[in-house]
Amino acid sequence: MDSTLASLVAELDSDSTETAEDAQHALIARGPAVLDAVIAATPHLAPFGQLCAIEVFNAFDDPRPADVLIALLGSESDVVRSWSAEALASLGVIRAAPAVRSAFDRFRQSGDDPSCSEGVALRQALTDLGARQAVLPARAAELLRSPSELTWPTADLAEVVAEFAAHRQAILCVQFWRADPNGHRYWTKGPDLSWEVDRRLPWEQTVADCRDFALLVAAEADKSPNLVATLEWIDESDL
Numbered sequence: 001m002d003s004t005l006a007s008l009v010a011e012l013d014s015d016s017t018e019t020a021e022d023a024q025h026a027l028i029a030r031g032p033a034v035l036d037a038v039i040a041a042t043p044h045l046a047p048f049g050q051l052c053a054i055e056v057f058n059a060f061d062d063p064r065p066a067d068v069l070i071a072l073l074g075s076e077s078d079v080v081r082s083w084s085a086e087a088l089a090s091l092g093v094i095r096a097a098p099a100v101r102s103a104f105d106r107f108r109q110s111g112d113d114p115s116c117s118e119g120v121a122l123r124q125a126l127t128d129l130g131a132r133q134a135v136l137p138a139r140a141a142e143l144l145r146s147p148s149e150l151t152w153p154t155a156d157l158a159e160v161v162a163e164f165a166a167h168r169q170a171i172l173c174v175q176f177w178r179a180d181p182n183g184h185r186y187w188t189k190g191p192d193l194s195w196e197v198d199r200r201l202p203w204e205q206t207v208a209d210c211r212d213f214a215l216l217v218a219a220e221a222d223k224s225p226n227l228v229a230t231l232e233w234i235d236e237s238d239l
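First residue of the sequence shown: 1, per the UniProt record's numbering; consecutive thereafter.
Since the hints were derived computationally from the structure, they do not count as laboratory data.
Do not rely on the hints blindly, as some may be mistaken.
As the list claims (entries may be wrong) - Okay, the calculated beta carbon distance ranges per label pair:
#1 S146 to R106: 26 to 36 Å
#2 F60 to A6: 15 to 25 Å
#3 P181 to E220: 33 to 43 Å
#4 E142 to D62: 37 to 47 Å
#5 A138 to E236: 16 to 26 Å
#6 R30 to V79: 20 to 30 Å
#7 S102 to G183: 15 to 25 Å
#8 K189 to E76: 46 to 56 Å
#9 T127 to P63: 38 to 48 Å
#10 H184 to S117: 17 to 27 Å
#11 W195 to S224: 36 to 46 Å
#12 A6 to P225: 36 to 46 Å
#13 H25 to T127: 22 to 32 Å
#14 A6 to R139: 29 to 39 Å
A virtual CB, placed ideally from N, CA and C, is assigned to each residue, including glycine.
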């Protein structure tokens, strides 16, 4: 390893986040030749350095980081675990599915809110890796504005919410996105309502409560044609 590369890799673990991010960008600019050095260093980095390393891995469509990313699923940092799962899914590392499943099982047993970022990341990674089947009711699928992005017109949101509930799916949150004339999508604030899943309740009650909150959001949402909604939902097996 040349001295400049070694220095950049070491700077990923800098006490200064700015220095670490600068090193991250410099490593990416050097191309995939840096991967072996970053992979070797990653297990020894602090959590922020590991996040920078994951960003380096994400910059290249290269399977070499797979093993270290799988190992990071056991990190004490929930953000590192989340980003590792997302990176493995993005790389299409199918053999990582059992490790992601184990991480998801640990998450489920933790009692953390299923709508938190780690829960979302692990569920999506399992789905992308073919180890989890997300339930998408047929009528809800018909109403999609964009099947690839899973977005719905806000005017149809109430019907979509009812369809998910009818198929025993609990909606955890609704987010809104506005499209500009160039087709770019931007997050926009929606009705100021939020809710959490009470794990002590029977599943049917959880589904009904989540439906009722989501219907309130749907009723108050702007129905502009350039506004769409995304949903985060879970099956009973996800708890």
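Review point. Hint by hint, which ones does this structure get wrong, listed from lowest number up?
Key: Hints 3, 7, 8, 9, 11, 12 and 14 not satisfied by this model.
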